[in-house]
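Chemist: Chains as they are written, first to last, in this note's numbering: chain G, 1 to 291; chain D, 1 to 291; chain Z, 1 to 291; chain B, 1 to 291; chain C, 1 to 291.
Some clues are possibly wrong.
Taking lysine-lysine pairs in the DSBU-like style, the calculated list, with each CA pair at most 30 Å apart, reads [what the hints assert, rightly or not]:
#1 C:K163 - B:K191
#2 C:K137 - G:K163
#3 G:K191 - D:K252
#4 B:K137 - C:K137
Which chain D residues face chain G? A few, computed with CB under 7 Å, are given here [as the list claims (entries may be wrong)]:
#5 R86
#6 V169
#7 S243
#8 Q273
#9 I275
Treat the hints as calculated values from the structure; they're not laboratory data.
We put the CB at the ideal spot given by N, CA and C, even for glycine.
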Amino acid sequence: MIVNRPHGLAILFREALPPLIILTLWDFVVVVLFQIFHQDWMEQPALPISLMGSALAIFLSMRNNAAYNRWWEGRTLWGAITNNCRSFGREAATLLGGRPDLARAMAAYPHVLRAALRGDPPNEDTRRLLTPEIYEKVFSCSNTANMLLYQIGLGVRDEVERKGIDGAVHGTVDRILSDIANAQGGLERIKNTPLPAQYSLLPEIATHLFCIILPLSAVQTLGWITPLGSSIIGMLFQMLDRSGRDLQEPFKQSVHALPMLTMARTIERDLLQPIGDTPLDPIQPINGVQP
Amino acid sequence: MIVNRPHGLAILFREALPPLIILTLWDFVVVVLFQIFHQDWMEQPALPISLMGSALAIFLSMRNNAAYNRWWEGRTLWGAITNNCRSFGREAATLLGGRPDLARAMAAYPHVLRAALRGDPPNEDTRRLLTPEIYEKVFSCSNTANMLLYQIGLGVRDEVERKGIDGAVHGTVDRILSDIANAQGGLERIKNTPLPAQYSLLPEIATHLFCIILPLSAVQTLGWITPLGSSIIGMLFQMLDRSGRDLQEPFKQSVHALPMLTMARTIERDLLQPIGDTPLDPIQPINGVQP
Amino acid sequence: MIVNRPHGLAILFREALPPLIILTLWDFVVVVLFQIFHQDWMEQPALPISLMGSALAIFLSMRNNAAYNRWWEGRTLWGAITNNCRSFGREAATLLGGRPDLARAMAAYPHVLRAALRGDPPNEDTRRLLTPEIYEKVFSCSNTANMLLYQIGLGVRDEVERKGIDGAVHGTVDRILSDIANAQGGLERIKNTPLPAQYSLLPEIATHLFCIILPLSAVQTLGWITPLGSSIIGMLFQMLDRSGRDLQEPFKQSVHALPMLTMARTIERDLLQPIGDTPLDPIQPINGVQP
Amino acid sequence: MIVNRPHGLAILFREALPPLIILTLWDFVVVVLFQIFHQDWMEQPALPISLMGSALAIFLSMRNNAAYNRWWEGRTLWGAITNNCRSFGREAATLLGGRPDLARAMAAYPHVLRAALRGDPPNEDTRRLLTPEIYEKVFSCSNTANMLLYQIGLGVRDEVERKGIDGAVHGTVDRILSDIANAQGGLERIKNTPLPAQYSLLPEIATHLFCIILPLSAVQTLGWITPLGSSIIGMLFQMLDRSGRDLQEPFKQSVHALPMLTMARTIERDLLQPIGDTPLDPIQPINGVQP
Amino acid sequence: MIVNRPHGLAILFREALPPLIILTLWDFVVVVLFQIFHQDWMEQPALPISLMGSALAIFLSMRNNAAYNRWWEGRTLWGAITNNCRSFGREAATLLGGRPDLARAMAAYPHVLRAALRGDPPNEDTRRLLTPEIYEKVFSCSNTANMLLYQIGLGVRDEVERKGIDGAVHGTVDRILSDIANAQGGLERIKNTPLPAQYSLLPEIATHLFCIILPLSAVQTLGWITPLGSSIIGMLFQMLDRSGRDLQEPFKQSVHALPMLTMARTIERDLLQPIGDTPLDPIQPINGVQP
C-alpha cells in the first residue's frame with residue numbers, strides 16, 4: 001500500500017504513462033487524418049459521446065464502489081483479526097492464567113493467514129513462532145489457518161481441563177476464536193470470489209471504446225488541439241477505471257495491495273510484548289510502499 | 001461463477017450476440033428508411049433521448065445496486081455458514097471433546113442446503129455423509145436444512161448430558177448453531193423474496209424502449225454510420241441491464257450463480273481433515289466456470 | 001408481493017394506465033393548442049426542463065433508495081424472526097428438553113405480530129395455536145406481540161426452575177427471546193415512522209409538475225409526435241416515483257406489501273414439524289401475488 | 001414528526017412560502033431589468049448554470065444522504081432502546097423473578113434520556129416514575145441517563161445477591177444494560193457531533209447562489225415567463241436543501257424532529273402493562289405532528 | 001471540530017481565500033488575453049469541459065463519500081469506546097462489587113488512546129489518572145492503549161480470584177474489554193490505512209486541471225464577466241474537493257479533526273462521577289472549535 005505522497009504520485013504517474021502515450025498517438029492520428037486528409041465521416045456530433053459517457057459513468061461508479069468496498073472490507077477484516085488476536089493474548093493471561101505458548105502460536109496466525117491468502121508457501125515467520133509439532137500439523141492440512149485455530153483451541157481445552165477452569169470462561173475464550181474464524185472466512189470469501197465478470201471486464205472494455213471514439217467526436221470542434229483536450233479527458237476516465245481495478249483484488253502482489261506483512265508484524269508485536277518476549281522491529285515502508 | 005478472464009469474455013460475448021444482432025438490424029432499418037425513403041417524421045431532436053437516458057440511468061443504477069447487494073449478501077451468508085461450520089468442528093473437538101460423527105453431519109449440512117436453495121432432490125454428497133437414521137429424519141421434513149440443525153442440536157445435547165458438560169459450554173455450542181440458522185434464514189430470504197417487480201421488469205422494458213428510440217434520435221446527425229454509433233450505445237445499456245439481471249437471482253442454475261457446490265465441498269474438507277478423515281478433492285472449475 | 005412475471009406485468013400495466021391516459025390527454029391538449037392555435041408563449045427552451053430533471057433525479061433516487069431500504073430492512077427483520085423462532089424451537093427441545101407447548105406458542109407469535117403490524121384484529125391462526133389462558137393474557141395488553149414473548153419467557157422460567165436447569169442455559173434461551181424482541185421492535189419502527197414528509201410528498205409533487213411542463217418544452221421541436229415522446233418520458237418518471245411509493249410502506253394492505261401471511265405460515269410449519277405436529281399447508285400465491 | 005398527509009402538505013407549504021416569495025421577487029427584478037431596461041450584461045449562456053447545477057447536485061445529494069442517515073440512525077437507536085427496555089422488563093420478571101420497581105425505574109429511563117438529548121430540565125414523567133431516592137442520585141450527576149442505568153445495575157446486583165442468582169443470569173441481564181448504554185451513547189454521538197461545517201453550510205450557500213444566478217441565465221430565452229420557470233426550479237433546489245437541513249438535527253425542537261415523547265410513552269406502557277400497573281394513555285398527534 | 005455556525009463560516013472563508021484569489025487571477029489573465037489580444041486558440045467549445053465535469057463528479061463523489069464514511073466511522077468507534085467505558089464503570093461497581101481504582105484506570109484509557117492516535121507523547125491527564133506502577137508498564141510498550149487494557153484485565157482477574165466471582169461474570173466483564181479492543185483496533189485501522197493514493201491524489205489534481213481549463217472554455221461566451229462565472233464554479237468544485245480532504249484524516253491536528261480531547265474528558269467524567277470522585281470540568285470550545 002502506498003503511504004507516501006510524493007512516492008505515490010511518482011508511482012501513479014509511471015503507471016499512467018503507457019496508456020497516456022497510446023491515447024495521445026491515437027489522437028494525433030485522428031487529428032492528422034481530419035485536418036490534412038479531410039475525412040468527412042469523422043464529423044461526429046456530440047450526442048453519442050455524451051450518452052456513452054453516462055453509460056460509462058454508471059458502469060465505473062458501480063464497479064469502483066464495489067471494488068473500494070471489497071478493499072475496505074478486507075482491511076476491516078484484518079482489523080478484526082488484529083483486535084481479536086490481542087484480546088486472545090489478554091485472555092490467555094487473565095482468563096487462562098498464563099500460557100505464553102498459546103500467545104506465541106496466535107502470533108504466528110497472521111503470518112500463516114497472509115501466506116494462505118497470497119497462495120505463498122509457509123514463510124519464515126511462521127517457522128520462527130510455531131513449535132515444530134504444531135507447525136507440522138498445520139501444514140499437513142489444506143486450510144492451514146483454520147488448522148492453526150483448531151490446534152490453539154485444543155491447547156485452550158487442555159489448559160481448561162488441567163486447571164478446572166469454569167465452562168463460562170472457556171466459552172468466552174472460544175468466542176474469540178470463533179470471531180477470528182469469522183474474519184478469516186471473510187478474507188477467504190473476498191479472495192475466492194472475484195468481482196462478477198461483468199463488473200470487472202465490461203467497464204474496462206467500455207473505457208477503451210470511449211477513448212477510441214472520443215477524438216472522433218471532438219476533432220470537428222477542437223481542431224488541432226484535439227490531442228490535448230481528448231487525452232486529458234481520456235486519461236481521467238482511464239484513471240477512474242484503473243483506480244477500481246487496483247482495489248478489486250486487495251491481496252494480490254501489487255503496490256496497491258493491503259500491507260499484510262506490516263499488519264502481521266504489528267499483531268505479532270502486540271502479542272509478544274505483554275508476555276515479555278522481545279519482538280522483531282516493525283516493518284518499514286520501502287520507497288513509500290508498505291509491503 | 002465465472003473465474004477465468006478469457007472464458008469470461010467468451011461467455012459474455014456469446015450472451016451479448018443475439019441482442020447485438022437485433023439492435024444492428026433495427027438500426028439498419030431506421031437508417032435505410034431515413035436516408036433512402038426520407039421519412040421526415042424521423043427527425044427527432046436530442047432532448048427526449050437524453051431525458052429518457054437519465055430516467056433509465058436512475059432505474060438501472062438502483063436495480064443494479066440492489067442486485068449486486070443481493071448477490072454479495074448471498075455470498076457473505078454462505079461465508080457465514082463456512083465460518084460457523086468450521087467453528088462447530090473446532091468446538092465439537094474442544095468443547096464437547098470428540099464426536100466426529102457430529103462434524104460429519106455438519107459436513108453434510110451445506111450439501112443439504114444447496115439442494116434446498118435450488119429446489120433439487122437430495123444429492124449424492126448428502127447420502128454419503130449422513131447416517132441413514134438422520135438422513136431419513138431430515139428428508140421427512142419440508143425444511144430439510146433446518147431439520148438437520150435440529151438433529152445436530154439433539155446430538156450435542158446427548159453428549160452434554162452423557163459427559164455432564166457445563167451449561168455455559170452447551171450455550172456456546174448452541175450459539176454457533178443459532179448463527180448457522182441465521183445465515184440459512186438469510187439465504188432463504190434472498191431466494192424467496194425476488195426483487196420487487198418494478199425493479200426487475202421496468203428497467204428491462206425501459207432499456208428496450210430506449211434502444212428502439214435511440215437510432216431515430218441519432219439518424220439525423222449520424223447518417224449512414226448510425227448503426228455503428230447507435231448499436232455501441234444501445235449495447236452498453238443492454239449490458240448494464242443484463243449485468244443486473246444476472247446477479248439478482250444468485251442461486252438459480254446459471255453460469256453467473258454463486259458456486260454453491262464448490263463452497264459446500266470446501267466446508268466439507270475443512271470439517272473432515274482435522275478429524276483425520278480423507279475428504280474428496282476440491283471442485284475444479286469447468287471451462288472457467290465454478291459450479 | 002408479486003412473485004410471477006406475467007401477472008406482475010399485468011398488475012404494473014393496470015396501475016400505470018390511469019396516469020398514462022391523463023398524461024396523454026394533456027399532451028394532446030398542448031400539441032393542439034400549439035400546432036393549431038399557435039400559442040407562442042409555449043415555445044419553451046430546453047434548459048429549464050433539464051435542470052428540473054436533475055433536481056427531480058436527486059429527489060427520486062434519494063426517496064427510492066430510502067424506500068427500498070425500508071422494504072428490504074422489513075424483510076430482513078421478518079427473516080430474523082424466522083431464524084430466531086426456529087432456533088427457539090431447537091432450543092426448546094435441546095436446551096430445555098421438551099416443552100412442545102412453548103414451540104406451539106412461538107408458532108403463534110408471527111401470526112400475532114402480522115395482525116399487530118397491519119392493525120388487524122386477532123386472527124384465526126392465533127386462536128388455533130395459543131392456549132386459551134395465554135390467548136386471553138396476550139390480547140388484554142396493547143402490545144400483544146410483546147406480551148406473548150413475556151408469557152413465553154415465563155414458561156421458559158417455569159421449566160428452568162422445575163428441572164433445575166443451569167443459569168447459562170437459561171441465559172442462552174433468553175438471548176433468543178431478546179433477539180426476537182429486537183426484530184419486532186425494528187418492524188414496529190418501520191411501521192410507526194413513515195418516511196419524512198419531505199421525502200414522501202415532494203417527489204410526487206415534483207414528478208407531476210415535471211410531467212405538466214414536459215410537453216410545453218418538447219412541443220416546439222417534436223411537433224405532432226409530442227404526445228408519444230412526452231408520454232413515454234413522463235411515464236418513466238411516474239413509474240420511478242410509483243416504484244418508491246409502493247415500497248415505502250411494506251406492511252400496508254397492497255399487492256406490493258411483504259407476504260406476511262406466507263412467512264408466518266412458514267415459521268409455523270418449521271416449528272411444528274420437528275415436534276411431530278401436522279401443520280397446515282404452505283400458503284399459495286393467488287394470481288401471482290403472495291398474501 | 002409529521003404523520004398526517006394533509007397537515008404535512010400544509011406545513012411544508014407554509015415553510016416554503018417565504019423563500020418562494022423572495023425568489024419570485026428577485027426573478028421579477030431580473031426580468032424587468034432585462035426586458036424593459038435591456039441590460040445586455042444579463043445575457044448569460046447556459047453552460048455555467050448547468051456546471052453549477054452539477055456541483056450543487058453532488059453537494060446536496062451527499063449532504064441529504066448524510067442527514068437522512070443521521071435521522072434514521074437516531075430513530076434506529078431509539079428503537080434499540082425500546083427493544084432492550086422491553087427485554088429488561090421481561091428479564092426482571094423471568095430471570096430475576098419479580099422486582100416491579102426495577103421495571104418502573106426503567107420506564108423512567110426514556111423520559112430521562114429525552115430530556116437530556118434536548119437539554120431540557122427533568123420532566124414530570126421522570127418524577128412520577130422514579131423513587132425520590134433514585135431521582136435525587138440521578139439528577140446530581142451531569143450524565144443523568146447514564147447514572148440511572150448505574151442505579152438500575154446496582155438494583156439488579158442487590159437482587160442477585162439476595163436470591164443467590166447464578167452469575168450467568170446476572171451476565172445476561174447486564175448485557176441488556178450494556179446494549180442500552182450503547183444505544184444511548186449513539187444518540188449522544190448524533191447530538192454532540194453535528195454534520196461537518198462544510199456539509200451543513202456550503203450546500204445552503206451554494207443553493208442561494210444558484211437561485212440568484214438562475215434567472216440571469218434563463219431570462220434571455222424565457223423572457224417574460226422567467227419568474228415562473230426560474231422560481232419552480234429554484235424552489236425545487238431550495239426544498240432539496242431544506243429537506244436535508246430538517247433532518248440533520250433529529251433531536252432539536254421542531255416539527256421534523258423524532259417524536260421522542262411518543263416513543264418514551266410507548267416504552268413506559270410496554271413496561272408497566274405486564275406488571276399490572278395502569279399506564280397513562282399513548283400520546284396523540286397534535287395537528288398531524290407527533291411530539 | 002467546528003461547532004459554531006458563525007465561527008465555522010469565518011474559518012471556511014479564511015481557508016477558501018487563497019485558492020479563490022489564485023483562481024480569479026488566472027481567470028483575469030485568460031479574459032485579458034482573449035478580449036484584448038484575441039488569442040483564437042482559446043475558443044474552446046463546451047463539450048470537453050462538461051465531459052471533464054462528469055469524470056470529476058464521479059471522482060469527487062466517490063472520494064468524498066469514502067472520506068465522510070471514514071470520519072463518521074471514526075466518530076462511531078469513539079462512541080463505542082465511550083459506551084463500553086461507561087458499561088465497564090457500571091460493571092466494576094455491580095459485577096465486581098467495587099474497585100474504583102479500575103474505574104480510574106479506565107478513565108485514563110481514552111487519554112492514552114488519543115495521544116497514541118495523534119502520535120503525541122503521554123499527556124498530563126494520563127499521569128494524573130494512572131497509578132505510577134501501571135503508568136510505567138503501559139509506557140514501556142509500543143502499543144500503550146492495548147497494554148492498558150491488558151493491565152485492567154489483570155486487575156479484573158485479581159478481583160475475580162480474590163472474591164471467588166463466578167466465571168460467567170468474569171466472561172461478561174471481559175466481553176466489555178474485548179469490545180473496547182475492537183473499537184481501538186478500528187481507530188488504529190483508520191489511522192494506519194490512508195485512503196488509497198488514487199482516491200486522495202487524483203481528485204485534487206483533476207480539480208486543479210478543471211479550474212485551469214474552465215475559463216478557457218467559458219471566455220468565448222461569457223466575455224468580460226468570465227472571472228465572476230468561472231471563479232464561482234471553480235470555487236464550488238475546489239470546496240467539494242477540500243471538504244473531502246478535510247475529513248479523510250479524522251485524527252490529525254486540524255480544526256476539522258474529531259474532538260478527541262473533549263470526548264476523552266466526557267468519558268473521564270462519566271466514569272468518575274458515579275464513584276464519588278470530583279472530575280475536572282468539561283472542555284469548552286475555543287473560537288467555535290472543539291479540541
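Chemist: Against each hint, give a clear statement of whether it holds in the structure.
Modeler: Against the structure, the hints:
1. C:K163 - B:K191: 40 Å, violated
2. C:K137 - G:K163: Holds, because 28 Å separates the two Cα atoms, which is no more than 30 Å.
3. G:K191 - D:K252: Within the cut-off at roughly 23 Å; holds.
4. B:K137 - C:K137: Distance of about 36 Å is beyond 30 Å: violated.
5. R86: 5 Å, holds
6. V169: 4 Å, holds
7. S243: With a minimum Cβ separation of about 4 Å from chain G (threshold 7 Å), the hint on D:S243 holds.
8. Q273: This hint holds: D:Q273 lies near chain G, its Cβ roughly 5 Å from the closest one there, short of 7 Å.
9. I275: Hint on D:I275: violated, closest Cβ of chain G at ~10 Å, above 7 Å.
Hint check: violations occur at hints 1, 4, 9; the rest are consistent with the structure.
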